[in-house]
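Heads up: the sequence lines are chains A and B, in that order.
Quick note: the first sequence uses the numbering used here, first residue 1, plus one each step.
Quick note: the second sequence uses the numbering used here, first residue 1, plus one each step.
Honestly, the hints are just simulated from the structure, not real lab data.
Beta carbons are placed, not taken as given, at the ideal position from N, Cα and C, and that holds for glycine.
Take the hints with a grain of salt, since some may be wrong.
Unchecked claim - Going by beta-carbon spacing under 10 Å, a handful of chain A positions derived as facing chain B:
hint : residue
1    : 46
2    : 50
3    : 52
4    : 64
Stated by the list, open to error - Here are the computed lysine to aspartate or glutamate pairs in the EDC-like style, where the Cα-Cα straight-line distance is at most 20 Å:
hint : chain 1 : residue 1 : chain 2 : residue 2
5    : A       : 82        : B       : 89
6    : A       : 82        : B       : 162
7    : A       : 124       : B       : 47
8    : A       : 155       : A       : 9
9    : A       : 124       : B       : 29
10   : B       : 168       : B       : 59
11   : B       : 129       : B       : 79
12   : B       : 168       : A       : 20
13   : B       : 111       : B       : 47
14   : B       : 33        : B       : 47
15   : B       : 44        : B       : 89
16   : B       : 168       : B       : 147
17   : A       : 82        : B       : 25
18   : B       : 168       : B       : 151
19   : B       : 33        : B       : 59
20   : B       : 168       : B       : 132
21   : A       : 124       : A       : 140
22   : B       : 71        : B       : 137
23   : B       : 103       : B       : 137
24   : A       : 82        : B       : 29
25   : B       : 69        : B       : 59
Unchecked claim - Covered stretches of chain A, going by a simulated chain B footprint (3 or more residues, C-beta under 8 Å):
hint : segment
26   : 32 to 38
27   : 92 to 98
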Amino acid sequence: MGLENTVFESLPDVLTVKLDSVINWARKSSLWPATFGLACCAIEMMNTVSARNDLSRFGAETFRASPRQADVMIVSGRVSRKMAPVLRRIYDQMPEPKWVISMGACATSGGVFDNYAIVQGVDKVVPVDIYVPGCPPRPEMLVHAITMLQEKIMKESVKDRRDTYEPESRESIVPGTLPVTEGTALERETEIEVAENQVSRPYTIPSKHERRRSS
Amino acid sequence: MHKGCSNIFHALTSCGLLQRIDMTEKLHEFVEKLRSENTAWVTKVIEGHGEVAVITSRESIVDACRSLKDKHGFDMLADLCGCDRGPEEDPRFEVNYHVFSTKHHNRLRLKVVLGEDDPHVPTVTQIWKTAEWHERETYDLVGVIFDGHPDLRRILLPSDFDGHALRKDYPLRGYEPYSLN
């Protein structure tokens, strides 16, 4: 008889638990990073994954080359202005839920390179959750960053729907009342307001998740 | 060992010096060979630290390079780089051709100086294939235009970059901060 039999004998048949905790636990325990090693910090990232500081014991089991299969993007290294649209495109190709760790001084703020070629901080391109300082940060610091990200994920809620941009979808509408009447001056005004507030972003509509975090 | 040197260190350095003088003599021989083919090819000879540089005019650079490669065995273009001397200098730009011979291990530098209002040089891609990317880099960073280049476009900076970044009057931080937000 194994451990699970002994444990389950003392527990009731049905457990109630918060949905948020289960979902967040599942998300944080299997954070698969997307490889975005650009420069020297990538070598420290490789060190973090290797046997001495093992990142897979925290759930970052595989570093997926394809962004479509990844959860977290670790931007390690300096991002040049030529690379920035590519970075944005890879970020947009990641499905929700997604997080970004900016690893190293160059990704956080441009690092030592205050010049025409390097983007001064990757948060000008993608929204960042965890910043890791260092040049390069020690592997233990990157492990700490993943742990911090896991704590951050545990505080999230499923109620923050991240796949829609319109704030209207989060408001509940009383049946029988519509926010805008068709053909009236109110509709025209609302259209103008919506057109004015529209921020033109490249490539895709960003998620609600991103609007809260972007700089 | 050199006579009269009690110190081994002195002896070794003087041997090295001798070697260096020997080397520059050989290089000067190549310069003389170039000059004997066509005096217009060698405008000026600069020597320093065991290296010899020849200043050529832009009309004769291709012929000089062709002669160096075919007849004198300089089969490798080690580097082709441009330099901006500064907006106050005249001529402003220079293009350096570092040629190396894998047969007799000699290095020679050819230099073309250009004014700011006419930064054109004929290309040497037909002589050394590697010049293709080096000339693209020089065009990208300094702004020297290579006539006859098969594919002259930016190689290091983004294609929509405005200006030539390694010119002395280009600011270090650039003009606008980059943001996609």
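Outcome of the hint check:
| no. | hint | in the structure |
| --- | --- | --- |
| 1 | 46 | violated, 26 Å |
| 2 | 50 | violated, 32 Å |
| 3 | 52 | violated, 36 Å |
| 4 | 64 | violated, 24 Å |
| 5 | 82(A) - 89(B) | violated, 32 Å |
| 6 | 82(A) - 162(B) | holds, 13 Å |
| 7 | 124(A) - 47(B) | violated, 49 Å |
| 8 | 155(A) - 9(A) | violated, 31 Å |
| 9 | 124(A) - 29(B) | violated, 58 Å |
| 10 | 168(B) - 59(B) | violated, 26 Å |
| 11 | 129(B) - 79(B) | holds, 12 Å |
| 12 | 168(B) - 20(A) | violated, 58 Å |
| 13 | 111(B) - 47(B) | holds, 13 Å |
| 14 | 33(B) - 47(B) | holds, 17 Å |
| 15 | 44(B) - 89(B) | holds, 18 Å |
| 16 | 168(B) - 147(B) | violated, 24 Å |
| 17 | 82(A) - 25(B) | violated, 46 Å |
| 18 | 168(B) - 151(B) | violated, 26 Å |
| 19 | 33(B) - 59(B) | holds, 19 Å |
| 20 | 168(B) - 132(B) | violated, 24 Å |
| 21 | 124(A) - 140(A) | violated, 26 Å |
| 22 | 71(B) - 137(B) | violated, 28 Å |
| 23 | 103(B) - 137(B) | violated, 28 Å |
| 24 | 82(A) - 29(B) | violated, 46 Å |
| 25 | 69(B) - 59(B) | holds, 17 Å |
| 26 | 32 to 38 | violated (count 0) |
| 27 | 92 to 98 | violated (count 0) |
Hint compliance for this structure: hints 1, 2, 3, 4, 5, 7, 8, 9, 10, 12, 16, 17, 18, 20, 21, 22, 23, 24, 26 and 27 are broken, all remaining hints hold.
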